[in-house]
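J.: Protein chains in written order, with the working numbering: chain A, 1015 to 1239; chain B, 15 to 137.
Calculated directly from the structure, the hints in this document are not laboratory data. Glycine is no exception: its CB is placed at the ideal position from the N, C-alpha and C atoms. Every clue listed holds true.
Derived coverage of chain A by chain B (criterion: at least 3 residues anywhere in the stretch with Cβ under 8 Å from a Cβ of chain B; other residues may be distant): (1) 1155-1162; (2) 1211-1225.
Over the 12 Å line for every Cβ pair with chain A, so calculated as not near, a few chain B residues: (3) Leu52; (4) Asp56; (5) Arg83.
Computed list of lysine-lysine pairs in DSBU-like fashion (alpha-carbon distance at most 35 Å, straight line): (6) B:Lys100 / A:Lys1100; (7) B:Lys54 / B:Lys100; (8) A:Lys1209 / B:Lys16.
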Amino acid sequence: MNDPRAQTAYYESEAALRLVDKELDQLRDGAEMVSRFVTVSLADLPLILERANGQIRAVLSHLRETRQALQSTTFEKLQTTHDKIKEVTSATEDAAINIMDACDRANQIVDELDGIDASDTPDRARGSELRSTLRDELFMMMGALQFQDITSQQLAHASSVLVEMETRLADIANLFDSSLATDRPLATLAAADEKTYDPNATIRNAEERQNLADAIFTSVKAPAA
Amino acid sequence: MKFLVVDDSATMRRIVINSLQRIGFSETVEAGDGQEALEKFDSSVKFVITDWNMPNMTGTEFTKVLRSRDDGRHVPVLMVTARSVKEDILTAMEAGVNNYIVKPFTPQVLKEKIDALLPAAAA
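For reference, chain A alone in the conformation it holds in the complex (with noise of 0.2 Å):
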C-alpha cells in the first residue's frame, strides 16, 4: 500500500478492531465469567456502554478513513491500467494496420517487377529501384513489430495492478474474518519483475521523446566514449 494516508488508516483500523474483538472474546469466557461480569457491573453499565460506543464510534471512523483512502488510491490506478490496457489495444491496431498496408505496397511493387520481367526489353534500372522500395518496405514492417515489446511493458504494468489490488482486497477480507482466507497462495499471481518493465512505456509521441533525450544530451556532457 503506497499512500501513505491509506496506510495509516489502514493499520489504525486493524488495531482498533483487533481490540474490539479481543474485548468480545473476554465477554465469551464462559458463562460462570459472563454471570459474574454482569452482576459485578450491572451499575456500571452505563459507563461499559459509553465505552463501547466510543470504540464502535472509533472504528467507523477509521474505516470511513480506509474506505476513503483505499478508493481514491485504487481508483487512480485502476484507471491509470485501464488507460493502459486501451493503449495496448490502439497500438496494436495501429502495428497491424502500418503492416498490411506496407504488405499491400509490397504487393504491388512484386506485380510491377513481374511487368518488367514480361516485358519484351526490360527496364533493369526501375527494376532494381522496386527492389529497393520493396526492401524499404519490408524493413519496415519489421520496424512496426516494435509494438510488441512496449506494449508487453505495459501488460506487465496493468498485471501489477491488478496482483496488488488482489493483494489489499485479501488483507481487508482478512481483518474482517481470517476464516476467510484461503490456502491459495498469492505469490502464484506475482506480478512481472519490476526490472523488466517501464511503468510509462508508451508507443506515442516517439519523435519528440527521442527530442527531449538529445537536447539532454547535448545541455549535459556525455561521458566520452
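Model the placement of chain B on the given structure of chain A, informed by the hints.
T.: Below, chain B without anything else, positioned relative to chain A:
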C-alpha cells in the same frame, strides 16, 4: 566491427540486429540481460547497444559494471529503451551511457547515433 546487442525481448534483438545489418554491420553477439552481456563481453566487442529494463541485471547496472572493467571503460554504449522521462535519461548518463535512443525508433535514428559514436569505437 562487432556489436553486442542486449535486450530481454527477442523481437527487439532481432529488429536491432537487422537494422545493424542494413546499415552495414553484420558482426553481432546478443544477450538477454546485463548478466549474460557481461559474460559475453570481451575486447573484441567494439560497440554495445543495450535495453534498460531487463531481468537479473538492468542496462544501467550493466553499464556501470562495464565501466568499472578495464576492457569496457571506453567502449561506446548506446541505450535503446522505452524509458524517456528526464530523470531516467540523466540516470543513464550517470551510469556511463554515451547516447540514448527512445523506443520505438527508426533505422535513421539508430544510424545517426552509431555514426556519431563510431570514431570512439574505432579508437
